[in-house]
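A.B. asks: Position chain B relative to chain A; hints supplied.
2 protein chains.
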Amino acid sequence: MVCCFTISVLSPFDEALPMAVGTPIIPELPAIAGFRAAATACGIKKNETLDLTLVAMQAGTSVAGVYTKNRIVSPTVTLCRDRLKEREARALLVNSGNANVSNGPQGMLDALSNGKTVADQLGVEDRQVFISSTGVIGAALPVHKINAAIPGLVENLQPGNWLQAARGIMTTDTFAKVAVRHSQIDGTPITMVGMAKGSGMIHPNMATMLAYLFTDAAVSSELLQTLLNRAVQLSFNSITVDGDCSTNDTLMLFASGAAPHTPLADEDDPRLAPFAEMLNDLAMELAQWIVRDGEGASKFVTVQVRGAQDETAARQVAMKVATSSLVKTAFAGSDPNWGRICMAVGSAGIAIEEDLIDIFLGDVQIVNRGQRDAAYTEEQGQAVMNEAEIGITIDLNQGEAQATIWTCDLTHDYVSINADYRS
Amino acid sequence: MVCCFTISVLSPFDEALPMAVGTPIIPELPAIAGFRAAATACGIKKNETLDLTLVAMQAGTSVAGVYTKNRIVSPTVTLCRDRLKEREARALLVNSGNANVSNGPQGMLDALSNGKTVADQLGVEDRQVFISSTGVIGAALPVHKINAAIPGLVENLQPGNWLQAARGIMTTDTFAKVAVRHSQIDGTPITMVGMAKGSGMIHPNMATMLAYLFTDAAVSSELLQTLLNRAVQLSFNSITVDGDCSTNDTLMLFASGAAPHTPLADEDDPRLAPFAEMLNDLAMELAQWIVRDGEGASKFVTVQVRGAQDETAARQVAMKVATSSLVKTAFAGSDPNWGRICMAVGSAGIAIEEDLIDIFLGDVQIVNRGQRDAAYTEEQGQAVMNEAEIGITIDLNQGEAQATIWTCDLTHDYVSINADYRS
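Those protein sequences? They're chains A and B, same order as listed. The opening residue of the first sequence carries number 1 in our numbering; numbering runs sequentially from there. The opening residue of the second sequence carries number 1 in our numbering; numbering runs sequentially from there.
Same shape as in the complex, but just chain A (with noise of 0.2 Å):
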């Protein structure tokens, strides 16, 4: 009913503005041994919502990281890289609510003051604490807030509580975004748990994306880092939802080693090959599930350049179309408007042949060689484009290189968040 639709579409404080396009999926989350995870409500959000997660760690656990390339960044990000240096992790302090951005030197001290707490009450190094937060920029961390939470924290930490620590550093998602996968190295099985949290930002908060990854497997904190690097590409920088590049952007890695394995710490290993599967496989379920809640999102668009000469220019011409709001907005209005298609490509600042440009639309070829393809009706471009779930196939034919990016549709929702939506 098409009134229905547009109250509960447009009106920015209606409870349904929120969409994200197909279900959630919330799967059953093991417990994975050496870690222990809680969540509170410590009162940087209002209504008792959740804004702390704490993750404790067993001695000895691996751990990498990829953080936000903005100059700007919070002191916790800082924090973060520098404690990388350590190669283990004891504990992760996450708060939603506030990001602890542009507040000056008080920014670091008061992360390192809630640091300190979390090594003091965990008996661990205030080096081995990894802190992040998220939420709205320029306000003054309520430090002492948090501090005051992280001893009934620990008190509540349970091995298995995944979920609730996901809640925990959710800001304006609709979801909590978890995932898991399993595997074995030399016969033992391993798990690696994941959540993430970031869709967008309501007024005045900022579109970061967390996410922090598990497992018990045993791999050196070195080749962790090697492994989260190629994992990264393939996963979280490749979705986007507006372009935008955040000033708190995180994503770790924990492995606890506590699977009765040998240790991996070679490169060249085997045995690594199911691991970085796994690794790259959960990165990239929970990027989609950020694109899937991305703000306003009614459809979750692939697309995917093939026939490139190299994997840079298929990501670049990729991107260019995934970002491009004459693209977007086509989407947003399930409008089979290839020309926008094509001026997306041409712009991708790639030597690409008009000539042998073919698209297609879902399995509908659209442009062949160039031009519209003989074969092609209007009809049939809608019907993809009525779906809520949609792939754009682009063959630059002109060598062997792929690279797929995911998307979401520009849309009226998209600027009442952003636009409308006063806290």
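Calculated from the structure, these hints are not laboratory results. A portion of the hints provided could be inaccurate.
Treat identical chains as interchangeable: a pair holds within one or across any two.
Cross-link-like lysine to aspartate or glutamate pairs, in silico, EDC-like; alpha carbons within 16 Å at most [unchecked claim]:
1. Lys69 with Glu353
2. Lys85 with Asp126
3. Lys85 with Glu222
C.D. replies: Relative to chain A, chain B alone:
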């Protein structure tokens, strides 16, 4: 059943939908010796709307041009680029309603055919005729309709007929964009008139920007090209509506040389300065009209970055702020959300020092050396944001270079125009 909100704001068929910031100014446009113009409705557009413009030029008219960087272009762009080598223009033909893009080899044949008809009718050489197309992508050009209309156009050519010419190149513009400047060379009065189109695209048109400048000054084609390359940087390359880059973007400058002064041909000629100033100023005015008529725009925003180490860095930061969807939606919501500006500054890819940054909204200092200014109140920021014309100044305090970019906000109307409107 459609809700009233939908009717009043969202209906793409509501006449009030396209908005412009400020009131369009249509100045008196004088005849310029050496030029005659006409426009007609040849039937590309519906409802007898003007869709074909012809400007005829006297022998010896110099010409310069700057074109889209998109790799997929209309054959008219290819043709213009090639014909610039002739260094002489006798005619300009522009059709609106069809972009003649993605039409394969036939597109070039059609463009050549239109050009030849103009050449034959005016008794000039084919290679002295410049052509542009703007409108639908991937639809065959109605070449015969255009050719059939050319004799009538030639018959109706008149001096000073600029406003009609400007109307003939419009697509989704809500008003004709024209401007005029007067100056002197050696005491001889010279005049420059400009016309431009561009604001956005209503399905399935592209956001093509076309602009043409005409002067009676006597300047060599080589020198015109040098001056135009500089002018475009400060004007059409310093505006952004949605960050997309069309297949047909064109800026051309024609100088008839009818003014009785010794011709300018030397870059070091001191008489050049007032001419260059006139050109830059006129180009900047036309560029700003395009932003003011940006799709769905309700705010005209000037982003100035100063204190940068070099101009490239200043431009990069200003462009990042001016194209950020988060910043642009904040303007749409009149939301003094300075955290988003910080985010954009930090993500521009420039080595900035957060502790040095000052940010002003209008005259109000919001950020002082990287932190919220102690004296800043939300009310002050809100007062500035409520205006239709807003200036942001970002002082990086790292050097002496500066750059200015003009942009507009990202509104519900932008999405309506680009997503909801179906032709």
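A.B. asks: Each hint needs a verdict: does it hold in this structure or not?
C.D. replies: A quick look at each hint next to the structure:
1. Lys69 with Glu353: Answer is between: at 14 Å across copies they meet the 16 Å cutoff, but 32 Å inside does not.
2. Lys85 with Asp126: Intra 13 Å, inter 69 Å, cutoff 16 Å: intra-copy only.
3. Lys85 with Glu222: Within. Shortest intra-copy distance 10 Å satisfies the 16 Å Cα cut-off; inter-copy 59 Å does not.
The structure shown violates none of the earlier numbered hints.
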